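Protein sequences, first through last, are from chains A and B.
Take any residue in the first sequence, count from 1 to its spot, add 3: that is its number in the numbering used here.
Take any residue in the second sequence, count from 1 to its spot, add 216: that is its number in the numbering used here.
Hints listed in this document are in silico derivations from the structure and should not be mistaken for laboratory results.
Since the structure is predicted, the reported quantities are computational estimates derived from the model, not experimental observations.
Some hints could be false.
Cβ-Cβ distance ranges computed for the label pairs, FRET-style [what the hints assert, rightly or not]:
| # | chain 1 | residue 1 | chain 2 | residue 2 | range |
| --- | --- | --- | --- | --- | --- |
| 1 | A | Lys100 | B | Lys295 | 42 to 52 angstroms |
| 2 | B | Phe284 | A | Val67 | 24 to 34 angstroms |
| 3 | A | Leu11 | B | Val232 | 27 to 37 angstroms |
| 4 | A | Ile99 | B | Lys295 | 20 to 30 angstroms |
| 5 | A | Ile50 | B | Thr281 | 49 to 59 angstroms |
| 6 | B | Gly278 | A | Thr62 | 18 to 28 angstroms |
Covered stretches of chain A, going by a simulated chain B footprint (3 or more residues, C-beta under 8 angstroms) [claimed, not checked]:
| # | region |
| --- | --- |
| 7 | 24-38 |
| 8 | 71-78 |
| 9 | 95-101 |
The C-beta atom is built at its ideal place from N, Cα and C for all residues, glycine as well.
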Amino acid sequence: MTLFLASLAAVISSIVWYLSKTARILHIGTLALMLWGASLMWLVDAIHEYITLGAAYFTPNAKVMMNDAFLGMSVVVLALVIWFVFVLIHDPMHVIKTRS
Amino acid sequence: MACFIVPATEAIVTTVASKKLNHTLETKEDTLGNYYIKNMKTLNTMLWGGSALLLFEHIWHGEVTPFFPFFTAASSPAKLSAMFHEMATVGVAMALLVTFVWAVLTLITYKMTHPKTSPSLEKVHS
Numbered sequence: 004m005t006l007f008l009a010s011l012a013a014v015i016s017s018i019v020w021y022l023s024k025t026a027r028i029l030h031i032g033t034l035a036l037m038l039w040g041a042s043l044m045w046l047v048d049a050i051h052e053y054i055t056l057g058a059a060y061f062t063p064n065a066k067v068m069m070n071d072a073f074l075g076m077s078v079v080v081l082a083l084v085i086w087f088v089f090v091l092i093h094d095p096m097h098v099i100k101t102r103s
Numbered sequence: 217m218a219c220f221i222v223p224a225t226e227a228i229v230t231t232v233a234s235k236k237l238n239h240t241l242e243t244k245e246d247t248l249g250n251y252y253i254k255n256m257k258t259l260n261t262m263l264w265g266g267s268a269l270l271l272f273e274h275i276w277h278g279e280v281t282p283f284f285p286f287f288t289a290a291s292s293p294a295k296l297s298a299m300f301h302e303m304a305t306v307g308v309a310m311a312l313l314v315t316f317v318w319a320v321l322t323l324i325t326y327k328m329t330h331p332k333t334s335p336s337l338e339k340v341h342s
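So here's chain B without its partners, still in its complex pose:
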């Protein structure tokens, strides 16, 4: 019905947040937190792309229309209630899954690109 609204809203929030946070990053070291902020572009692409393709699917199924109120579910209070329920369940789950997958992938790539050096090895090298 309108489940894609939730990831699309998250995409707006993360896009604004990544722009603001990246601006403050320039002089800081490459910690895991900074790596997550730098990698937010990946999350934005997944959320924007996924939401756009799901919007197309909803247009295909006639659930979204180009004229007001844009959602066919908005025609009756019962359908509107079902739409909000779907957004709260399926929509939130979509946003959470995409964010979780991004968080795990970012952590893995951070571990791969920043191999942990043991203190004994550091002593040998110094």
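Pulled out of the complex, with its shape left as it was, chain A reads as follows:
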């Protein structure tokens, strides 16, 4: 579930990066790359777990799935926070610089 949510967020941010010029100015590519990096790493983790557990990997119990879903959502939020801090530091649209 964590892999799924991180990959979904990576795909969405990549599509936004491709379609929107403003998003590219706002360094959304950095967010997409962070999420792709994490997704690839979790993919390796998932393959390792599949080798260890076999088909049982695809049938987790509700508690594990719920925990993984919360983790996945938290990971996406954390990635958004890191990206937002990155945008504030770089201030590509000069919002902070023009205010002061």
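With chain A fixed as given, assemble chain B onto it according to the hints.
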């Protein structure tokens, strides 16, 4: 347990390497090798971002703690051995996969941005 340590270590190495290599690049032509060096920022972002998010996952699962020795696996020699085994297998595989994907993407974008011109066409244009 601590698989993210391997990509994080690679991130440190590639960040230092890209800074040093980019410094020596300024006057050289746009070859594939130079293009890879210029594009190392992408690899760094993937490795740093991925490692940071995986660190969060490990904190979530209680495998990393904010106090010494920072890894719960370090509490016993057996767990420590398992941690090193995981780093050597899963961790190395993570670092290799991210690097491989970056290498392929960089090659594709290089081919797209530097279309090969045939010698006959060059003659026509000249």
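Hint by hint, here is what the structure shows:
1. Lys100(A) - Lys295(B): 42 to 52 angstroms: Holds, since lysine 100(A) and lysine 295(B) (Cβ atoms, about 50 angstroms apart) stay within the stated range.
2. Phe284(B) - Val67(A): 24 to 34 angstroms: The hinted range 24 to 34 angstroms holds for phenylalanine 284(B) and valine 67(A), with Cβ atoms some 30 angstroms apart.
3. Leu11(A) - Val232(B): 27 to 37 angstroms: About 33 angstroms separates the Cβ atoms of leucine 11(A) and valine 232(B), which means 27 to 37 angstroms holds.
4. Ile99(A) - Lys295(B): 20 to 30 angstroms: 47 angstroms Cβ-Cβ, so the 20 to 30 angstroms window is violated.
5. Ile50(A) - Thr281(B): 49 to 59 angstroms: violated, 27 angstroms
6. Gly278(B) - Thr62(A): 18 to 28 angstroms: holds, 24 angstroms
7. 24-38: Coverage by chain B holds for the region 24-38 of chain A (4 residues, Cβ < 8 angstroms).
8. 71-78: holds (count 3)
9. 95-101: n = 0 at 8 angstroms, threshold three: violated.
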